[in-house]
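> Residue strings, one per chain:
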Amino acid sequence: MKPVLRVNLIWSIFVALILLIPLVAGSYVISVMCFIAVFGGLAVGMGLLLEQAGLFSLAHPSWFGIGAYMSGILAVRDIAAPWLGGIIGSIFVGLISYIVGAPLLRLRGYYLACATFGLLLIVEISLGQLGSLTGGHEGLMGIPPLSLGGFVFETDVHYYYLSWALCLATLLFLHNLMGSRVGRAIKAFSDSEVAAKSVGINVPRYKLKVFILTAMMASLAGSVYTFYLRFTEPGIFGFPLLVELVTMIIIGGGKRIYGPLLGAFVVMWMRELIHMYVGGLLPRVTGEVDAIFFGVLIIVILIFMPRGLAGWVDRLFDGRRIVFGEESQG
Amino acid sequence: MRGLSKHFSGIKAVDEVTFAIKRMSIISMIGPNGAGKSTFINVVSGIYAPNAGKVYFEGEEITGTAAHEIAVKGIVRTFQLEELFGSLSVLENVMVGCHIGSRSDVLACGFSLPSARSEEKRVRKEAKECLKEVGLEQRAYDPISRLPLGERKLVGIARALGMKPKLLMLDEPAGGGAAHEVERLVRLIYNLRDRGITIFIVEHNMPFVMSLSERIIVLDEGRKIAEGTPNEVRTNEEVIKAYLGEEI
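Read top to bottom, the protein sequences are chains A and B.
Residue 133 in our numbering sits at position 133 of the first sequence; the count goes up by one each step and never skips.
Residue 207 in our numbering sits at position 207 of the second sequence; the count goes up by one each step and never skips.
Each hint can be trusted.
Straight-line Cα separation of at most 20 Å, EDC-like style, residue types lysine to aspartate or glutamate; simulated pairs: (1) B/Lys164 - B/Glu137; (2) B/Lys241 - B/Asp220; (3) B/Lys132 - B/Asp142; (4) A/Lys187 - B/Glu120; (5) A/Lys255 - B/Asp142; (6) B/Lys125 - B/Asp142; (7) A/Lys255 - A/Glu244; (8) A/Lys209 - B/Asp105; (9) B/Lys121 - B/Glu133; (10) A/Lys209 - B/Glu69; (11) A/Lys255 - A/Glu193; (12) A/Lys187 - B/Asp105; (13) A/Lys187 - B/Asp142.
Everything labelled a hint here was simulated from the structure, so no lab data went into it.
Could you build the full structure based on these sequences and the hints that come with them?
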């Protein structure tokens, strides 16, 4: 079979499975899958930024958080309908990421990581301190459910389809993008900035574009998340989420767009299993067991599959032909 | 076009070098290692800013213009150490060269709009033609890492052709190439000149430079010590001194 057909077949099966799961699974599975869609989609954007564009930005949880809070606050105060709030939030995040990105993206490598990490802390602390607006450390309560033209998203199944629709749309959009002129420019400057400039690519502008784009996508995911939980608090958008996302990217492999989503599957289901089995045996240290397990898993993955699970899948399916072969002829 | 003139001074690596390049000619720059030849290309292409001096192209001053804007103006360069994009295939590398000739932006590409798709098709076709021109069409879907050095330099040239250059600056194109590859390169460069592209070559390979160039500029310790036809340069005493022991 031609590689491109095989790839399409695998994706069709995957989408079909996603569509069918709510028909057979219970609410527990559906709820975990919801979180996988949200955090997987988030990790996909961050993985693209880190591993394909070579921009070591750690601010992703902040974009997610600002989007969540913005749409949440607008809905609680009845300023904008939830769906509109999500869009406003995303535009707001786009604006902030522009203001922040324009100066910060001049930094390279770990310097960019340090600066964006600072941003992450600032946002988390600000969300906690702006009590009158955000509800402070107690969290923002009384968020109404999402509704669209009379249809109210109430049950887990509704949010399941919503979050997966957003996640798959993100995936498809970024897949198209990376196979296009813009994607080539992004890969080009991450390979060699000097050469990219010499072929006429406006490198700072493209860095800013991909930075803003992934930030806005993160914000949309944040809105879906907040309307699903109908509650939000600053602690969600801090360091632990960052670690979680990086774990997903490393385990899944950020060189492929779907890699971090694969990582999200593995991380979240493994965590559920740990909590299920270890939680009974060692109820007091489940969190620690969790941390140690993923620490060891990351080391093992880095040693044996430096390009993550996606890199391993590539090799399994004769990745070279898929990567450089007919698929890119599209 | 009035031809080009470039003035430099200040930086030690390239010290007050002045010369002009006539349109549609093949002009070379030679000089011992460390003479400042690559630095010269880096300054003209906008990678480094000159400390003093000016660069003119088609009568317009371009000193201090950003590298990507210089590329848009039609001054295109290749690299001594090819600087290809390792995560892209050979064809995709050349397609990146077509970047400035296309418009589609983030949204059009992400949503795969018809405009973006038809542009993609056109760019792919153009890139294939550029690859054919350098004789690498069979290598289109290979990753860069599978190509020998000589072929990588050809990919660099194909990528440059995708940019539709007016002035093409080749940094050591024959370096690392086998004899038959160098021959192919000579034919390619003549073809490009006949198509109306001005060629500027920096090179160590003397037979290659002597047979190809209409004019040669000799650089030593950043200064221009001679300029003329291959025969004039060959017999110039200063040049012989600079190359002491090397046969020209």
